[in-house]
Amino acid sequence: MRLLRPSVPAWPSASRASVPASSVASGASAPATPAPSSEPAGVPAVEPAIEVVGVSHVFIGQTGPVQALAPLDLQVEPGSFVAILGPSGCGKTTLLRILSGLLEPTAGHIRLAGAPPPQARRRRAIGWLAQEDGLLPWRNVADNVGLALRLAGTRPPAADLAVLAVLDMLRRVGLPGSARQYPHELSGGMRQRVALARALLARPPFLLLDEPFAHLDELTRERLGDLVLALRAEAAVPPTTVLVTHSVHEAVRLADRVVVLSARPARLLVDQPITLARPRQEDDPGVGRLVRHLKGALFGTLSEAVQTASAPLQPIVTSA
Amino acid sequence: MNALPTLLLLGGLLLGWEVVVRLEHVPAYLVPSPSVIAARWLASPGLFVAEGLVSLAEALGGLLVGGGLAFAAGLLMARLPWLERGLLPLAIVLKMTPVIVLAPLFVLWFGFGPAPRVLIAALLTFFPVLIGVVTGLRSPPPAARDVLATLDAGVLDELVLLRLPAALPHLFAAVKVSATLALLGAVIADWMGSDRGLGRVIFLANSNLDTPTTLAGVVTLATIGIGLVGALTLLERRAIFWH
Chain A
1 MRLLRPSVPA WPSASRASVP ASSVASGASA PATPAPSSEP AGVPAVEPAI EVVGVSHVFI
61 GQTGPVQALA PLDLQVEPGS FVAILGPSGC GKTTLLRILS GLLEPTAGHI RLAGAPPPQA
121 RRRRAIGWLA QEDGLLPWRN VADNVGLALR LAGTRPPAAD LAVLAVLDML RRVGLPGSAR
181 QYPHELSGGM RQRVALARAL LARPPFLLLD EPFAHLDELT RERLGDLVLA LRAEAAVPPT
241 TVLVTHSVHE AVRLADRVVV LSARPARLLV DQPITLARPR QEDDPGVGRL VRHLKGALFG
301 TLSEAVQTAS APLQPIVTSA
Chain B
1 MNALPTLLLL GGLLLGWEVV VRLEHVPAYL VPSPSVIAAR WLASPGLFVA EGLVSLAEAL
61 GGLLVGGGLA FAAGLLMARL PWLERGLLPL AIVLKMTPVI VLAPLFVLWF GFGPAPRVLI
121 AALLTFFPVL IGVVTGLRSP PPAARDVLAT LDAGVLDELV LLRLPAALPH LFAAVKVSAT
181 LALLGAVIAD WMGSDRGLGR VIFLANSNLD TPTTLAGVVT LATIGIGLVG ALTLLERRAI
241 FWH
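Here the protein sequences come in this chain order: A and B.
Numbering follows this note's numbering, in which position 111 of the first sequence is assigned residue number 111; successive positions increment by one, without gaps.
Numbering follows this note's numbering, in which position 87 of the second sequence is assigned residue number 87; successive positions increment by one, without gaps.
Okay, chain A solo, but in the shape it has when bound (with noise of 0.2 Å):
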């Protein structure tokens, strides 16, 4: 497929779903109900680390143009984690490469602290990680951790602390002692740590992840998933974090906001902000209420699950 320039007219929007930032609800504190348009007077704002204003995709497929993407408007908090559901072919894996700048979008902008996708992708500010690892399989483990540090021209002395970063990020991720061997002498699991570890070893301000874990086993997912979690805790300012998944049950795992869109051309169905406390377990009832909700939204069969951002959902909270 081609990717269209933005001669094509984007299709006309039936609905522009614009999220407020406050809408945001972090931590396990109580939410307030979140004002559809207008900031409360006196109430600063928090400058959205991710903006994401009237974007659409178009792609031109052998049968003609393609929308993958209705105009959507989507902004971020900084250092939150949003994890973004919808249908198989929805457009979410379309909106992720636009954030990352790996495509630039039929119409719309996107501005990540304040700057396009390319000037963030200049300065390094992205860790990526997708289903395929990327690894280079020339290349040894540490050589491919150490990648973002390469290109960046780290030269000694400060290589000698690289390669201490390196191994350092290594056994944070749990794989001491693997620094020499290559990505084809390591299991799924392990080649997704090293690529994760590749993608956090900059302390990038922003995380991408475009479902890391699909070719997993369910434990190894989980383990991964609270691995993610672990290194953004560990950091002094956690990245901002999008995660692309087709996990329900992942995603009230991990994020602090679940985005659901519809089936293509991807539009905000539900914007649920996620105040329940970690670690989630499966069998929490809290978790169990929000995974039939966001699951009915994807489903398309409770009306009452289908939102628009000017009567977002009522958080779900759990007592601690």
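Each statement offered as a hint is correct.
Some chain A residues close to chain B (C-beta under 7 Å, calculated; not the full set): (1) R122; (2) W128; (3) G134; (4) H184.
Note that these hints are calculated values from the structure, not bench results.
We treat Cβ as the ideally placed atom computed from N, Cα and C, and that holds for glycine.
Following the hints, position chain B against chain A.
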């Protein structure tokens, strides 16, 4: 163990050939038996080895020249599609021109020394290596390409870290094909006009109806070809250890 089936099959064929020739009393100038060919080879091993090494050296020279030029052209063509559109038809024209036509012309232009033979070998090497390089450089693993893009890797970094290593399997496949073509080209060029090389030995023997010497030359050529491809395969296994 891996070579056992091949050796058994080959041994069976040679035995059958020997038996048929002896039983039918086929004259040696028509179809010499394997034992006669072997005896001819063993009567002058130095000749076949020395002339074989000359042809091998010409083939390797052609492989280096043609392969090197194809690599450089392929690097540019992979990066600049307009250059590919311009040069590829010319490369195909060169490829399609029969060597049997070009070899005497090269001798006329460049003399009887090794230069025309190296150039013929280079000509036969060029096209397969060019296609291998262009295809290989344009086939990096997409996931790794995305990672490097998000890390803002420059063109040179992407080439060195990703595209060149990813192109190695294509490159080695092309070089193995080209190696045999280069050897064949060198021998044909020897045939056309040279005072050295296996091609000259085979040509003279053929002219004198010395079929045992002709076939001994062919066996030497085949052995050199197998050795060359074998050496490249060993090199490939070292270079592409992850494949």
